[in-house]
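There are 2 protein chains.
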Amino acid sequence: MLNEKMYRLGSARSEIRELFEYGRARKAEIGEENVHDFSLGNPSVPCPDEVSDAMAKLIKEVDPVSLHGYTSAQGDVKVREAIANDIAKRYGVKVCKDDLYLTVGAAAALTCALTALVCPGEEVILLAPFFPEYKVFVERTGAAVSIVMCDEESFEPNAENLRKAINEKTAAVIINSPNNPTGAVYSEECIRAVAKVLEECSNEIGHPIYLIADEPYRELVYDGISVPFIPSYYTNTVVCYSYSKSLSIPGERIGYCLVNPEANDSQRIYAAICGAGRALGFVCAPSLLQKVIPHCLGITSDISVYDENRQLLLTKLTDYGYKAVEPKGAFYLFIKSPIPDAKLFSEIAKKHELLLVPSDSFGYPGYLRISYCVKTEQIERALPAFREAINDALRGDKQ
Amino acid sequence: MLNEKMYRLGSARSEIRELFEYGRARKAEIGEENVHDFSLGNPSVPCPDEVSDAMAKLIKEVDPVSLHGYTSAQGDVKVREAIANDIAKRYGVKVCKDDLYLTVGAAAALTCALTALVCPGEEVILLAPFFPEYKVFVERTGAAVSIVMCDEESFEPNAENLRKAINEKTAAVIINSPNNPTGAVYSEECIRAVAKVLEECSNEIGHPIYLIADEPYRELVYDGISVPFIPSYYTNTVVCYSYSKSLSIPGERIGYCLVNPEANDSQRIYAAICGAGRALGFVCAPSLLQKVIPHCLGITSDISVYDENRQLLLTKLTDYGYKAVEPKGAFYLFIKSPIPDAKLFSEIAKKHELLLVPSDSFGYPGYLRISYCVKTEQIERALPAFREAINDALRGDKQ
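Residue numbers (the numbering used here), protein chains in the order written: chain F, 33 to 431; chain U, 33 to 431.
What the hints contain is simulated information worked out from the structure, not anything from laboratory work.
Since we're looking at a predicted model, the values are computed, not measured.
Hints may contain errors.
No copy labels: a pair is met if it fits in one copy or bridges any two.
Quick list of in silico lysine-lysine cross-link-like pairs, BS3-like style, CA-CA up to 27 Å [said to hold, decoys possible]:
id	residue 1	residue 2
1	201	37
2	383	348
3	37	121
4	126	89
Required output: the full structure, derived from the provided sequences and hints.
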């Protein structure tokens, strides 16, 4: 009599995981260096020394009863103060400890924010292409997903399409910049346009539409580009952040929800997030990791490898005939499938031991995601397979 | 337009937290040593050296990309293997890695198990007195709570009362031994009787009733008593375990769900738990802590202080006229309120700077919970307050 929805979620792996597991089996068969696996967004560079040093120091010097004890549910006071001060300084905003709720990573931040802000029967807008787990998180709350396609060239959200999708049931929009899977970083102009539509529509429908900004890739940007701080453009914003990618500690599960103190009813939103965390079974974020964060504020893993990979892939793949927009952030390259059916192209690529995630589960068919958070040598080794795969596909297409 | 249920959960603290926060404020006013705070179940003894040593060694010796990277959602394979072997050896059962799903502590294990096993509109039976958060966890799934009172002398569940509460909507029963708040450890006889009722009723109503065994206090027992391993008595059991109390690391959030491999459809249950973990936003349990566990299997914090506290409290409080059943496990003493209204007695105790949680929110009025996971000196200092409080209450009662 179990919950069949949960059974289905647990027995059908995500398309990304499916490909990753295929790759794992294939590597065991023919050797790791012969499989060109670009399926997972798992950071390939180590955490900065500051992370390991802080951990070692805390374990050595702090009373274990306090170090490993429960913190308050919203997170250790001093940790929240340190993070709030850092945010305030970097973005020139007034943020304090009581606007921050520490979470077990960004996924938990998202499920807490969604559970707090959304009621069964409402709608949450996703901007396609989107991280597939958003759909799982939204639907678990009893709300429905509504999809708005991004513009094809820029992969930025189109404000007027967004306006058309909003109705009285719209509770929230999830925005993700730097973006997974496209690597797009939304421009200030784009964010202003989105904010304007949300404000106007909130007034029209008579209740606030919340903007949930999922920002695990905030620090992973290239060419010195800056990422607009969304709460400065739209008041009813909750930022979901994670240190997984910036500090290369994705398994440690540490992140936060930041409720914009300027939001309508910001204190009520904050309380609802605390309530959601309690109901979902998050007692507090892991305590040692909480206490590591103040030692690593403003520090990011060395992402020069990602940048090198990005440029190498972009140059070579364009040479081979692939079409891609230059990613400005994150560690994903989103290429147009050389043939209309991206799933079919993914299968063709597999024949060359090349593992690329087709974009269908991202809500945007016809593309493939390349996770380039790998060693540069892996890309160099994979280049012939990229060339052969497109040639194969185009040959097949002509026949 | 937020979710009002979550707002209420986040704005109204639990009675335990409320008292704890009162104590914190009071300590700031009159000095920590003058407040006798027995409100929280926060371990007061440090983690065993093996925990700190394993952490330090892993940080020093293991490649950080692997140490802090994502593990598979159900937990690192080698960690699950080590835990499964330990369980198999200790309880003489066949358990393997694929029966274990590592979680972000026992609360997460409970919310994952409940989300997997229970559907909206069904009922979950709680055995009162029970840990108040069970109600929050159950109600979030959309199921209703049904309460069965334990016997007053033993604080063991009464199988016949349990039978009366079961109907076609009954999906699961939560059982918690060693028990919070009573310290009772359910006897083998009691568990056999519960199992018999559940089997008979499952047959009658035509679907399995799951037993969810919440066991964070499994290792905290006194006088050499043994805790029956529930899956050996009832097949459709999921054990929710946490290392919070046994290793004194409650802030680190590491535990597991164990699906009895003998359960009907055990693989489907396991998949549903994986699905629930995914939907609730638990990507994996914290990776460093996962990898610490194999180094600490079979090890428990030094609980001799708890035992000393238990005996001291029991002797002295009985002398003063309190009535309590000897706790056999956990670190709670459950005393009968000297006057019928336990909340009123808690207020009287507060006048003596003595913080005891009234049992109303545990679903069993007329008692108070004393958390004795404190330094023994705190108990010694508190004894006069215990004496004065009961005298005060009884005097008031006679007037």
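To see whether the hints hold, each was checked on the structure:
Taking identical chains as interchangeable, the C-alpha atoms of residue 201 and residue 37 lie at most 27 Å apart whether they share a chain (23 Å) or sit on different chains (18 Å). With identical chains, the CA atoms of residue 383 and residue 348 are at most 27 Å apart within one copy only, with a shortest distance of 20 Å there and 77 Å across copies. In this homomeric assembly, residue 37 and residue 121 never come within 27 Å of each other (Cα to Cα): the closest approach is 44 Å inside a single copy and 35 Å across copies. For the homomeric pair residue 126 and residue 89, neither the shortest alpha-carbon distance inside one copy (31 Å) nor that between copies (41 Å) is at most 27 Å.
The structure fails hints 3, 4 (numbered hints given earlier, in ascending order).
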